[in-house]
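Participant: These protein sequence lines map, in sequence, to chains A and B. Numbering-wise (this note's numbering), the first sequence opens with residue 235 and increments by one. Numbering-wise (this note's numbering), the second sequence opens with residue 235 and increments by one.
These are calculated hints, taken from the structure and not from any lab test.
Derived DSBU-like pairs: lysine-lysine, alpha-carbon spacing no greater than 35 angstroms straight-line:
#1 K508/A <-> K508/B
#2 K533/B <-> K565/A
#3 K597/B <-> K508/A
#4 K379/A <-> K411/B
Facing chain B, a subset of chain A residues (Cβ under 7 angstroms, in silico):
#5 R260
#6 P503
#7 G528
#8 A542
Using N, Cα and C, we set each Cβ at its ideal position, and we do this for glycine too.
Number of protein chains: 2
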Amino acid sequence: MAKIAILGYGTVGSGVAHVLDENADRVRLSAGENVTLAAILDLREFPGDPHEELVTHDYQTILDDPEITVVCETMGGVKPAYEFTKKALEAGKSVCTSNKELVAKHGCELCDIAKQHGVSYLFEASVGGGIPILRTLEGALKSEKIDRIEGILNGTTNFILTAMEEKGASFDEVLKKAQEMGYAERDPSADIDGHDARRKIAILGSLMTGSLVDADEVPTQGITDITADDLALANELGGTIKLIGSCRLGENDALEIMVAPFFVPAEHPLASVKGVFNAVAVHGNMLGTSMYYGQGAGKDATASAVVADICEMVRNAGHTVPTSLSGQPAKTASSADTARRFFIRFKSADKDGILDAIGGTDKASERDGEAAVLTGCMKESELAQKIAGPNGVTKWLRVLDTEEE
Amino acid sequence: MAKIAILGYGTVGSGVAHVLDENADRVRLSAGENVTLAAILDLREFPGDPHEELVTHDYQTILDDPEITVVCETMGGVKPAYEFTKKALEAGKSVCTSNKELVAKHGCELCDIAKQHGVSYLFEASVGGGIPILRTLEGALKSEKIDRIEGILNGTTNFILTAMEEKGASFDEVLKKAQEMGYAERDPSADIDGHDARRKIAILGSLMTGSLVDADEVPTQGITDITADDLALANELGGTIKLIGSCRLGENDALEIMVAPFFVPAEHPLASVKGVFNAVAVHGNMLGTSMYYGQGAGKDATASAVVADICEMVRNAGHTVPTSLSGQPAKTASSADTARRFFIRFKSADKDGILDAIGGTDKASERDGEAAVLTGCMKESELAQKIAGPNGVTKWLRVLDTEEE
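Work out the full structure: start from the sequences and follow the hints.
Facilitator: Okay, structure coming up:
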């Protein structure tokens with residue numbers, strides 16, 4: 235029997251307890267032995283909770299209990315999660331987490347400490363709760379040379395863009411509705427400004443390259459600037475607009491990484507991912523494109539991912555489950571030199587001049603005096619030159635093409 | 235350094251050699267040591283092949299070489315693959331395979347033999363080459379109660395249906411084109427009659443239930459009966475038609491398993507899987523729906539899956555990688571008592587009588603005197619009763635709804 239402790243009994247932490255109760259038989263099968271919840275650290279009390287008697291306010295009792303071999307850190311934030319995680323690892327306990335902020339900031343160091351102490355640090359739930367993408371990258375895809383990972387990594391923004399598209403509603407209207415439905419926080423900035431996706435793509439980029447991507451350095455653009463008109467015009471041009479976390483290896487294996495709204499052609503598998511769902515497309519040199527799709531958040535889905543980590547750590551008690559995180563800083567490249575197509579927006583009145591400037595031959599889509607067109611393939615720097623000056627381009631987005639094109 | 239042998243140097247077997255060469259660095263990272271191809275068993279010679287000197291016609295030399303610890307069986311068919319696999323396992327060598335026929339027929343027995351000898355039998359590449367679905371079921375999803383697996387498991391039929399839909403072309407025309415392009419065999423029966431998908435869903439159903447699903451007992455219907463009209467009418471009703479391998483747990487945990495063309499509503503994630511791509515949707519009690527998408531076949535994609543198995547077996551040398559296959563026969567149930575919606579086809583002239591009979595209120599889609607409608611939710615036995623007699627229903631398909639509906 236393995237004993238575990240949960241740090242932080244909020245949505246995810248209590249979800250972990252729920253999954254362990256509900257799926258006890260399956261957990262035993264997966265872990266190879268019974269997994270028992272032995273302690274819960276939280277500042278609050280939980281009268282009436284089935285596990286209320288396990289709640290403690292003193293972390294030291296957990297650290298001092300040699301029978302507790304696995305700790306689930308579901309507190310969120312860097313402080314005090316970082317200290318707590320370090321102490322658990324140093325006490326010879328494996329730790330798993332759903333805390334993307336902590337993993338993006340200190341994941342590599344924590345993996346090193348885990349290794350030094352013969353235990354594991356796993357973080358499947360930190361990137362897209364219901365999608366087992368990290369385990370797939372570290373397992374089935376590990377013998378592939380991965381050169382691109384592109385994903386819809388945030389359910390809130392995908393819900394908003396989907397609703398704007400389907401209902402022709404404004405960003406503000408839909409955000410308000412998402413907040414009412416509990417799909418968006420009262421302070422929605424982490425989602426709509428792209429910071430949540432930024433941390434997730436930094437983790438994916440780090441695993442893909444086996445080097446350290448600093449999440450704070452990832453160029454990030456959110457969706458507050460996207461209008462229902464943009465989406466309608468994109469639809470007419472045979473695509474949609476999605477907030478994409480993208481990393482790809484360019485020349486000299488330098489990593490181009492960013493979060494930004496992209497025009498996604500309808501035939502791209504990410505185009506049909508709607509509502510709160512997330513998906514990650516991975517391109518490997520032998521496997522080609524594969525895609526992983528599921529609930530990006532949600533209490534039970536995220537908790538299920540944490541429990542999968544618990545089972546893996548119990549199964550591997552006595553040695554470290556390897557991860558590809560390393561302290562070697564990733565070599566990054568700007569996107570300015572990447573050639574791709576672009577979706578550009580302008581007033582219909584400016585059409586002739588703009589088509590002239592970009593040398594585009596495609597017909598523009600137009601509605602109510604607003605227009606858009608897809609350019610041919612060019613570098614970002616080239617586009618910037620062509621649309622420099624007062625020629626009326628009001629907005630441009632990158633086009634997410636597949637490798638094969 | 236781990237030494238391996240390949241049995242059968244055809245498309246997949248030579249692909250495995252190619253991936254081992256091309257991705258040697260990644261393979262070393264994944265396996266934890268160098269993996270070296272030491273022998274190739276084939277009846278033929280391969281003059282000019284980079285590995286020609288490794289070819290042997292005598293299996294005994296491979297069995298007798300104690301340094302060869304892993305054997306890749308990429309021969310296909312049951313004979314002599316079954317005997318060869320058994321002998322390798324009994325000689326203490328782990329075996330991986332892309333051979334779905336053998337796995338569907340003898341997988342459980344071969345896993346047992348592997349366990350007895352402290353080695354492994356893995357078969358990721360037997361279900362959808364480019365989709366790491368078996369490893370995901372046995373790993374990340376193992377602590378879930380999986381109650382539904384539904385997939386597009388055959389690239390040839392998905393290519394055909396997609397082309398019929400997009401071009402309005404007939405089945406025969408498109409099949410001919412698929413044969414010319416190498417996407418369909420000269421004798422296409424294994425694909426178009428659903429037998430390939432049948433073996434794959436039997437393997438998935440076996441892993442899902444931890445019991446033995448006899449592939450020969452899976453009710454199977456192919457796509458030869460589907461017309462461009464069916465697809466056009468399905469489109470008008472907001473969906474498409476896909477060949478689906480389906481297994482789901484019904485009452486008393488009995489397994490309803492089948493291969494058949496389904497009407498798939500556009501909002502279902504499987505609806506947008508086009509061309510030769512495959513995808514598998516899995517529903518777990520905590521995780522909800524997740525989906526795995528990739529190339530279903532193709533030399534490099536399939537070989538990459540075999541290589542992932544090789545790496546896992548090398549990494550786990552000295553003990554058996556567990557699988558959920560068991561000899562306990564699965565408890566199956568007929569689909570007659572499952573309530574769902576249906577897509578039914580008839581001549582426009584018969585419309586009034588049919589809408590009366592099924593009690594349907596939806597408007598029918600019609601073109602050129604042909605019509606279709608989606609029924610309400612009812613049992614298959616109930617549908618059969620309602621459309622019994624000469625009331626003009628020419629065809630019916632099940633509707634693939636998501637659990638959530």
